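Protein sequences appear in the order of chains A and B. Whatever position you read off the first sequence (first residue = 1), add 7 for my numbering. Whatever position you read off the second sequence (first residue = 1), add 7 for my numbering.
Derived by calculation from the structure, the hints in this document are not laboratory data. Mixed in with the good hints there might be a few duds.
Identical chains blur together in the list; that is why a pair holds if it fits in one copy or across any two.
Unchecked claim - Capping the alpha-carbon separation at 20 Å, the derived lysine to aspartate or glutamate pairs in EDC-like fashion look like this:
| no. | residue 1 | residue 2 |
| --- | --- | --- |
| 1 | K142 | D338 |
| 2 | K14 | D131 |
| 3 | K35 | D66 |
| 4 | K335 | E289 |
| 5 | K355 | D333 |
| 6 | K78 | D290 |
As the structure is a computational prediction, the values presented were derived from the model and not from experiment.
2 protein chains.
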Amino acid sequence: MSRFWNKLVSTLDPYVPGEQPRIQNLVKLNTNEHPYGPSPKVLAAIAAHTNDSLRLYPDPTALVLRQAIAKRFDLTPEHVFVGNGSDEVLGHAFHALLKQDAPVWFPDITYSFYPVYCGLYQIDFRAIALDDQFKICVNDYLPALGAEAVLGSANRALGAGASSSVVARAGGIIFPNPNAPTGCASPLADVERIIAANPNIVVVVDEAYVDFGAQTAATLIEKYPNLLVVRTLSKSHSLAGLRVGYALGQPELIQGLDRVKNSFNSYPLDNLALAGATAAIEDEEYFETTRNAVLHSRDALTVGLQSLGFEVLPSAANFVFARHPDYKGADLAAGLRAKNIIVRHFNKPRIADFLRITVGTDAQCAQLLTACREVLTAIK
Amino acid sequence: MSRFWNKLVSTLDPYVPGEQPRIQNLVKLNTNEHPYGPSPKVLAAIAAHTNDSLRLYPDPTALVLRQAIAKRFDLTPEHVFVGNGSDEVLGHAFHALLKQDAPVWFPDITYSFYPVYCGLYQIDFRAIALDDQFKICVNDYLPALGAEAVLGSANRALGAGASSSVVARAGGIIFPNPNAPTGCASPLADVERIIAANPNIVVVVDEAYVDFGAQTAATLIEKYPNLLVVRTLSKSHSLAGLRVGYALGQPELIQGLDRVKNSFNSYPLDNLALAGATAAIEDEEYFETTRNAVLHSRDALTVGLQSLGFEVLPSAANFVFARHPDYKGADLAAGLRAKNIIVRHFNKPRIADFLRITVGTDAQCAQLLTACREVLTAIK
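Next up, chain A with everything else stripped away, as it sits in the complex (with noise of 0.2 Å):
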């Protein structure tokens, strides 16, 4: 605290990055990084602009990285929005499209930054419990079913919500998709469901982790004014270190975006990370080199964790979310953790006794499996 401190500022309850740790030798599967690295092409056209150049300013309206995006997803570069990361992009998306009268809504185990932008910037929030299975419930985010489906949701959900009160009416959607932690993708159908039901305020579908595994909602652009799908490069472009994601929606919401930003930060994107980003969305065919190796460890790290008793939820995303029977999850981490191997754990209530782990290369995802049966063996 300090009497410096506005009000807003000793009331924050800020987010909590995964631990990006300073020691060597770690089996590092914690933050759901690539276990590849970015396109030889990302890393040339970066070396290509490290040079005098970067004493100017870079175009603050990004349109070479925009036009790129936008021929990738056969959209204009007027339906592009980029931003540091898509935690900037969805920072923006709070302030000027989910802040409204009534509260946004989000599923009640999910990325837990939401709650975070909403203490920054004063917006109510209601969490909506997944079902048991941890999945998104459709009808609770279809306003006809509102009040009776939220009702059924608060009856599910643990302490997660921001109000006790059964509201019905939501101010602004957002979900990812698949979702996070749990990994679980919901189907194209079910998000149209969703954003075709709600006309009248913003959908944003937070799709992160989308290219693993689950279907992009950006085909709906030109459908749904109320439709924002927002993407990064960090996960399926190898490219966490380079602080670039994206929003795809009519070009409205996007001008809503380019205000905000424009009255916060004219150029987010320094002249590097424009090029890298450029070059690693126009080399699909590293990308999907990359991603496919990535699908295909993921199957054999969940069938070697089933095998060890795990629970493995269905994964649509670069990690699985899995939990044993009959171990805490705290202590599983703790184990791993001592044999060099970092996951993630969330001290939180239904998902306590998790681990989300980062698919790895094939040679990470086996070290996790032996060390995983030394921790059990060792703590049984």
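We have chain A; now place chain B onto it with these hints.
Relative to chain A, chain B alone:
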């Protein structure tokens, strides 16, 4: 307008950055970029990080960069906050520290992003008029003299304030030193008087251009817990294209900024920006050499403009702010643009006849002077 925007978005009046032209062969003297590229050590550091490690998230605490900055100013890393350009740093400072019950005060002629942040974060502000020599009047910022001083200021101001009533109490104060776009520096003793006289509110000194001739307030940080100094690597370190800024202050102020930053974007600086910025801070010799070259060119440019009849305000920045008694600023800017030279012109009260001209290389300054001579003759 869009029905999906909230009220805030509709009311915003976003910042308009200087043009970043895509055509070649322009003499670009409009956005105060350094005429010389960054240190070769910066380019080498970036190259050393352009590899597979881009798949990994950056250090969210940016510790290595903060250590380098702290060392330069004889402070600790706990005194240092870093962000995606000083614009992002300033944005967080407005959101966390300058948003208070009373309005924030800043000069009427100053960095035009300040009122934009006030719009974004819904902060009342009061624009305090510069004097007739375009200098900041210290007395206007001293609360003991407040009511009287602000009344005097209100008589000078030309409609730039947010409110018309006289407000004698500030919730926060921010001003650049040297000021922009005037380039005029305040002596450190004047800056200290403002900080010392306002011990209960945060005073932000925006030192974007300080390395070109003003005295830094960083030396006062241990003495004043209410002082925040904001700086950038965009200007004197030739890294506008890398987007790195920072703030210096006592740890409680830095923690306030951290809380907002960590509620918005965990990793605003990418791996390459962290590496390049650290190398730039550490290469003091290159910094001195290139800075001194700019100072030398500025002297020659000033003399040259004066010999053409321009009034040139005394500059402590890497630009000059100049007007000609016989010509309109807009006409001069258009005439130069027709000769492929771009300078910045602000169509605003009191300064509409000024041009803000970045100090380029000696060759660029000579081109500018030749073009000015031709334009003056042509539109006589």
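Hints versus structure:
1. K142 / D338: neither (26 Å within a copy, 64 Å between copies)
2. K14 / D131: both (17 Å within a copy, 16 Å between copies)
3. K35 / D66: between (35 Å within a copy, 14 Å between copies)
4. K335 / E289: Intra 44 Å, inter 47 Å, cutoff 20 Å: neither.
5. K355 / D333: within (18 Å within a copy, 71 Å between copies)
6. K78 / D290: Cα proximity of K78 and D290: one copy only (12 Å, versus 41 Å across).
When held up to the earlier numbered hints, the structure conflicts with 1, 4 and fits the remainder.
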